Each structure stands twice: as C-alpha cells, then as structure tokens.
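In case you want the letters, here they are:
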Amino acid sequence: MRLAQRFYLLEVLQGVLLTAGHFFRNMGAHVARSFGSRTAHGAVTIQYPEERRPYSPRLRSLHRLVRREDGSPRCVACMMCETVCPARCIYIVATEHPNPEIEKMPERFDIDLGKCVFCGYCVEACPEDAIRMDTGILEFSSYSRLGMIYTKEMLLSLEPIGADGRPTSPVPIPANRTV
Amino acid sequence: MILDLGVAFARVFFVMMFVLNLGGLLGWVERKQSAIMQDRIGANRASIFGFRVLGLFHPLADAIKLLTKEDFRPARADRFLFWLAPFVSVFFALVAFASIPFGDTLRLGGREFQLQAVTLNVGVLYVFAMLSLGVYGVMMAGWASSNNYALLGGQRAAALMISTEIAIGASIMGVIMVYGSLNMQDIVRGQGRLLAGWLPAWGIVTQPLAFILFLTAGIASTKRAPFDTPESESEIIGYFVEYSGMKAGMFMMSDFLGTVVIAGMVTALFLGGWQVPYLLADGFHFPWGAVLALPHPAVAGLQVGSFILKVCVMIFIMMLVRWTLPRFRYDQAMRLGWLGLFPLSILNIVVTGAVLLLIGGKAS
Chain A
1 MRLAQRFYLL
11 EVLQGVLLTA
21 GHFFRNMGAH
31 VARSFGSRTA
41 HGAVTIQYPE
51 ERRPYSPRLR
61 SLHRLVRRED
71 GSPRCVACMM
81 CETVCPARCI
91 YIVATEHPNP
101 EIEKMPERFD
111 IDLGKCVFCG
121 YCVEACPEDA
131 IRMDTGILEF
141 SSYSRLGMIY
151 TKEMLLSLEP
161 IGADGRPTSP
171 VPIPANRTV
Chain B
1 MILDLGVAFA
11 RVFFVMMFVL
21 NLGGLLGWVE
31 RKQSAIMQDR
41 IGANRASIFG
51 FRVLGLFHPL
61 ADAIKLLTKE
71 DFRPARADRF
81 LFWLAPFVSV
91 FFALVAFASI
101 PFGDTLRLGG
111 REFQLQAVTL
121 NVGVLYVFAM
131 LSLGVYGVMM
141 AGWASSNNYA
151 LLGGQRAAAL
161 MISTEIAIGA
171 SIMGVIMVYG
181 SLNMQDIVRG
191 QGRLLAGWLP
201 AWGIVTQPLA
211 FILFLTAGIA
221 STKRAPFDTP
231 ESESEIIGYF
241 VEYSGMKAGM
251 FMMSDFLGTV
261 VIAGMVTALF
271 LGGWQVPYLL
281 ADGFHFPWGA
291 VLALPHPAVA
301 GLQVGSFILK
311 VCVMIFIMML
321 VRWTLPRFRY
331 DQAMRLGWLG
341 LFPLSILNIV
351 VTGAVLLLIG
361 GKAS
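Protein sequences appear in the order of chains A and B. Heads up: the first sequence at position 142 corresponds to 142 in our numbering, and the numbers run straight through without jumps. Heads up: the second sequence at position 251 corresponds to 251 in our numbering, and the numbers run straight through without jumps.
Just so you know, these hints were derived from the structure itself, not from any lab. Heads up, a few of these hints could be off.
As the list claims (entries may be wrong) - Covered stretches of chain A, as calculated for chain B (at least 3 residues, CB under 8 Å): (1) 8-20; (2) 38-49; (3) 131-141.
To be verified - Stretches of chain B that chain A covers, calculated by requiring three or more beta carbons in the stretch to come under 8 Å of a beta carbon on chain A: (4) 39-45; (5) 250-256.
Remember, it's a predicted structure, so these values are computed and weren't measured experimentally. Even glycine gets a Cβ: it sits at the ideal position worked out from N, Cα and C.
Starting from the given sequences, assemble the full structure and let the hints guide the process.
Rendered as structure tokens:
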C-alpha cells in the first residue's frame, strides 16, 4: 500500500467523487427526461409490467392451437406431439370432425404447463402446423397445479405475438384460479 | 406570559418538526439517492389514487407497515429495558438538535425572538452530552434482548462511541478556542466576520483539520456505514436483532435523526450556521464595495434558508459517503478512532493554541 492509500482520505475523496459523478450525471438525465427528452437515460431499468423489452421471434412462449377458417382446430389428433413430448405433458382425445374431408380433430387437447419443459418438439413434430409457441406470453403462473393445465378452448383462443414484440392476447387464466 | 409560552412552544415545535420530518424523509432520500448513484431508479411503486410522486409515499407505507406489525418481545428479555431502549435512543437523538441555532435574533413588532429551540450558554457541551447519552439506548437494547448477537452489537456500539466521542470532543476544542465561546449562537455569530476582507471566517476556513476530524467522527457516531460495526448486517445483525415493528423502526429513525443532528452540528460549527456570505443585518455588503440593502424579514428568511440548505447539503454528503465506502472492520474502526482521529485532534488543539498565541487572542 502506498502512503497515500494508507492515509485513506485521498482514496475516500476519489471514491466519493466517482459516486457523486454518477449521481449528478444520472440526476441530469432524469431531469432532462422529465422535461420531455427521449434520449436521456438516467437508468437502464425497464419498468417491467408496464414496459417490456421486445421478445425475440424465436422465443418459445405459451403454446397456442392454430384455428381453421371455420374456427375448428387445425389439429388432426395424430398424436405426434403427444408421442414426441419428452415431458409427457400433452393429453389428446380424438374425435371425428364434422367435415367428412377432415378425418379427425381433438376432443380434448390439454397441456400441463407445470410439466412442460418448453423444448418446442411438439411444434417441430406437428405435420399440420397446428401448434405454435409464438404467443409471447410468459406469465402463466397459478396457485394450484390444476391451474397450470391449459385446455383446448384456452389454447385455441390465443393470438400470436404482435409486430411490436408484445403479446396481443391476455393471459387466459387468472393467477388465483384454484381449480 | 401566554405569549412567551406560545413563542417557546413555537420554537420547540419548529425544531421538532424540522428534525422529525427531515429524519423521516431521509428514508426516502437514502433509497432514492443510492439508486441514482448506482444507475437504478429506486422505490417508485407506492401510490395514492395512482399518483406516485417519485416514490414519496414509500416512507408513509413503511410507517404504516411498521405500526401494524407484530410487536414481538423475546420470552427471556428484560421487559422494562427492552421497552425503554428504543425510546431512549430516539429521545436523545431528537433533543440534541435543541441548542443548534437556525437563525439570527428575529425582531418582529418590537419583540426579539431567538431562532433556537433552547438558548444555552453551553450549547456545544449539551449536544455532545445528548449524542453520547443516545448510545445508552443502543446498549440497553443489546443487553435487554438476552441475545448474544444483540449484546455484541451493544458492546461494539459502546466501544465505537467511546473511541469517536473523544475525537469529536477534542476536534471541537479548536473551534471553541478560535471563537471563544461554548454558546452555539456566539460561535455562529463569530463566523460572520471576514478574513482578509473577503473570506468568510467559517469554521471550515479557520479549522480545516478539525472539520475533517469532526465529520469523520460524526459519521461514526451516527452508527451508519462505513462505521456500522454495531449493526454489521453481514456478521451480527446488530443490537436491534430482537426488535420488530415500530421499535425497530425507532432505532432506524434514531440513526437518521443522528445524521440530521450531525449535519446541523457541522453546519453550525464549520459552515457558518445561518450565515450567508457578505450578508449583514441590513443587507449584502460585498467586498468590492457594492451594498444591497434588504429589509429585516428578508434577511432573516435568507439566513434560515441558508441554514436549511447547508444542513441538506451536509446530509447529501454523508449519504454519499455512506453509499460509497465499504464498512470498516471492528478493529479498524477502533484503530481509526484511537490512533488516527484522537492524536490528530490533540495536534489540532496544540497548533491552534500556538497560532492563537502568536497572533494574540481570538482570531478575527
């Protein structure tokens, strides 16, 4: 330790000047921002629930089932996703489609998000491009395990992520759902 | 008689409100200032009807939370001392401000008002007495909690108090020698003179070493970082480890009040108190000969405003230090107090005495 360092007062002064520099620079930016400047940034914080950073288009978020033009699911209940799923979180019951040209459709299509590992294999395995993970929704917590099970109707109601990189459909299940 | 009582009450009320509100506000200042220093935003979520006002409602929310929390007392704690400790701590921090003057004598309607809660001839000693008595609350808390960590915290607080309070007392001797009084108001008046015709004879000019020593020891006596050995969150939680609810809040509050008192002391003793440079009783007298006459109420307002501004700047600096420096280890704090501050303050007394002897009497 040099003598100046051992004396400590000079070091204290340097440290205080550094933090004071940060303080006044950031304070100036905050003041400029409150007067309407868009370029000044006093902090890098993103105020999360109100502001979000845009998500990557490759992000794997909450699943959705793609609809046909008549609103019925594009899924033909081929069980490919259920088979490929490493977490075994997909449960499908098949039924007949009212349209005779389409062989099958799911009677039930449940995804247990408590088990899902978001690997995206179901999306890759699907021959009909019927399941996608592009809703941009990340907040689907629940107070119960049952609340994590998303049914066919919920998955069908979801929309893809908007062009601004923000989710367009609301989170379908309130977090306090217990059943 | 009634009027005198009313005036006395108003003075005490003003000082109480100033110290209490500033102390309460410091919780917000601390969070916001540290956030801005560290490129963050800081607490900004508490709102009333959607208005956030820079997070100013957070101290309010904190107070409501602290008041409604369970007031827990350990089964083997000393019931009376455990209850008494936070009150002692806050009380002495609160009354210490009483003899610090916040303005010159105010003349209104042919009457004179002292802008000082209590006019004491030994004001400096009074503040020290109150500051050192405050540590009894901490020691009581440490002892009465029947918790070894709390006891360690109380013991550390006592050791820190002894090693810094001596340095405070000794460093202030130089100021007392220069201005020749123990009365805070006289010391502040003495700082209104000009050295060499243009330099205000503030304590920081006549006693620069004492200023540094007093500021260091003063920060130490507030028990906040970098001298928070009694608290030592990462080692022994501290003397208030068993306290909850508003009692813990009172200990926190007494630290903030201590900060305000030390800032007030530094302002009064070293930064000219309520003095504004070149402002005399009838207006500004600039060293280049210009004179700007001001009515008496304007002068008094400027002086009180100058005192409040100086206190706020000192609090800012103390917060800056608190959020910049890492904590001293227990032995390092002791060494700094006994082997650093104390000998230097003795040296300061000797040098000041010698200089005063050479130039003959009081510095002027």
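Quick rundown of the hints versus the structure:
no.	hint	in the structure
1	8-20	holds (count 7)
2	38-49	holds (count 5)
3	131-141	violated (count 0)
4	39-45	holds (count 3)
5	250-256	violated (count 0)
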